[in-house]
Amino acid sequence: MIRAEGLTRKFGDVVAVEGLSFEVRKGEIVALLGPNGAGKTTTVRMLSCLIAPTAGRAWVDGHGIHEDPEEVRAVVGALTETPGLYKRLSAWHNLRFFAELYGVPDAGARIERYLRFFGLWERRDEPVATYSKGMRQKLALARALIHEPKVLLLDEPTAGLDPESARAVRDFIAELRSEGRAILLCTHNLPEAERVCDRIMLLKTRLIAEGTPEELKRRLFGTRVVVELANPAPELARDLDVPGVKALQVSQGRLYVEVEDPRRTNPILVRKLVELGAEIISVREEEATLEDVYHELMEEADAAG
Amino acid sequence: MRRVKVILAKEWSEALRIKMVLFSVAFLPLFMTGFATYLIWQGRALPPEAQAALLNTALMYFFILPVVIPLSIAAYSIVGEKEQGTLEPLLATPVRDWELFLGKALGPVIPGLILSWAAFGLFLAASAVILKGIPAGVLSLPWLLSIFALAPFLALFAVFVTMIVSSRTTDVRAAYQFSSLAILPALIPLFVYIGRLTAVNLVFVGIEAGIVIPLDAVTFGIAVRLFRREEILTRWK
Chain A
1 MIRAEGLTRK FGDVVAVEGL SFEVRKGEIV ALLGPNGAGK TTTVRMLSCL IAPTAGRAWV
61 DGHGIHEDPE EVRAVVGALT ETPGLYKRLS AWHNLRFFAE LYGVPDAGAR IERYLRFFGL
121 WERRDEPVAT YSKGMRQKLA LARALIHEPK VLLLDEPTAG LDPESARAVR DFIAELRSEG
181 RAILLCTHNL PEAERVCDRI MLLKTRLIAE GTPEELKRRL FGTRVVVELA NPAPELARDL
241 DVPGVKALQV SQGRLYVEVE DPRRTNPILV RKLVELGAEI ISVREEEATL EDVYHELMEE
301 ADAAG
Chain B
1001 MRRVKVILAK EWSEALRIKM VLFSVAFLPL FMTGFATYLI WQGRALPPEA QAALLNTALM
1061 YFFILPVVIP LSIAAYSIVG EKEQGTLEPL LATPVRDWEL FLGKALGPVI PGLILSWAAF
1121 GLFLAASAVI LKGIPAGVLS LPWLLSIFAL APFLALFAVF VTMIVSSRTT DVRAAYQFSS
1181 LAILPALIPL FVYIGRLTAV NLVFVGIEAG IVIPLDAVTF GIAVRLFRRE EILTRWK
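Line order of the protein sequences matches chains A and B. Numbering-wise, my numbering puts 250 at position 250 of the first sequence, and it's gapless, one number per residue. Numbering-wise, my numbering puts 1010 at position 10 of the second sequence, and it's gapless, one number per residue.
To be clear, the hints were calculated from the coordinates, so they are not data collected in a lab. Backbone N, C-alpha and C fix where the C-beta goes; we use that ideal spot for every residue, glycine too. Do not take every clue at face value.
Listed next, the in silico DSS-like pairs over lysine-lysine satisfying Cα-Cα at most 25 Å (straight line) [unchecked claim]:
no., chain 1, residue 1, chain 2, residue 2
1, B, Lys1005, B, Lys1019
2, B, Lys1132, A, Lys87
3, A, Lys26, B, Lys1019
4, A, Lys87, A, Lys133
5, A, Lys150, A, Lys26
6, A, Lys26, A, Lys10
Derived, one-sided and incomplete: chain B residues facing chain A with beta-carbon distance under 7 Å [to be verified]:
no., residue
7, Val1004
8, Val1006
9, Glu1088
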């Protein structure tokens, strides 16, 4: 549904996005993670034909962003960084305007459906200026969905929402995936990305890494096994020789072991520990978080310049 | 044209909710009508020829009204969207540049014309009551053509120029200031009338139309070409 090949955008001498290639398939949610200025918004703007790339090409639902910008805009629903609503108009008027611009048939019923879903129906006739930040964000999301787009480009969809609303929106996004839409989600919220997205792309002008959250964690850290011991001894780390162990460390009564494949290594590890006289209280796996992955990769990118 | 109508309707919905715009749009026709009627009241005892001259002078106000009324809304049109943060979602829709410009131009021009013509009708009715009829030769065909056929094109020209300014400036105040210059070309026919450089006849109205209508088309084309989505989105802060 979305395919980018070597997308590059420069603003004068400043390179905002460089050689970005990726694909988002039908029914897939892909997160675009990166710090401020990493090129997330520029990427979304290029894909929604708001700005042209300096180099490279992209296709959205088969339409080229160079060749068919109007068709691309018709199939894309974009949630921009700021809600961008007409504050003097009501929620109903805002949605009506965009529904008509997209040529939505039976706009009234669809507007009602989204206003009810986002809990804005009772206040549909009030000016948006009177809405809270969270209500505006919900309305902006409704606007992005009003024409039932095949592709959604969402920039921080849960920003400003209370935990309950954020959860409802996340569930809703997951539901959109099951309807077969392709969703590119820009976010700073790492747990959200991990919870909702099928794949993650880390961007810092260039694409630093791409994969499922699990793949990224394993690729970087493997799996960490924590063994709680009744008699922790520092020499355990020295004497333990188990194939498949990448690193180990004894700290605060626990042995932290990084392994490549826990299914194969853990039984050998436990046997060796017992042989060395260790008294094991518990053994559990501890995975690195997406945040660990994010920071590690960003530091690597910084170091690489 | 469907999207032009949609933009037009949105512009009106928004304008109706801005008290300052409503005031500025309504005040001028009311003031002009009141002032012109006062002039006629003052000249009610003059001989018929003098009354006709006075009435002709007053008609000029209604020629310029449709040009002046839309400017405050037009100045806000593009830069206002940017200030509200609504331009990016708007440009992310399949709307074409020409549709956006035409919708936003017609938005202020149509009410400007309706109000001007309503004010003109009110003035004529008041004058007929005061003078017990309209003096002969006042409502000539060239005058009527000027007010009902030529003024809309002059108004469009002024609005297109104002919108070019609105899409090139970065704040509303600057747009308002520069837009006042857009009225100058519309004043040229008035200077010609006032200076009695030529008679208000069909030939003169025809020449004016021959200049203004193509000028509208050219200005519209320039306005659309100068509208750079990228520049507006990436450089305006």
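How the hints compare with the structure:
1. Lys1005(B) <-> Lys1019(B): The given pair, whose Cα atoms are some 23 Å apart, holds under the 25 Å limit.
2. Lys1132(B) <-> Lys87(A): The hint is violated at about 50 Å.
3. Lys26(A) <-> Lys1019(B): 48 Å, violated
4. Lys87(A) <-> Lys133(A): Since the Cα atoms of Lys87(A) and Lys133(A) sit roughly 12 Å apart, the hinted pair holds (cutoff 25 Å).
5. Lys150(A) <-> Lys26(A): It holds: about 8 Å lies between the C-alpha atoms, which stays within 25 Å.
6. Lys26(A) <-> Lys10(A): 29 Å, violated
7. Val1004: 11 Å, violated
8. Val1006: 4 Å, holds
9. Glu1088: Because about 5 Å separates Glu1088(B) from the closest Cβ in chain A, which is inside the 7 Å limit, the hint holds.
Checked against the numbered hints above, the structure violates hints 2, 3, 6, 7; every other hint is satisfied.
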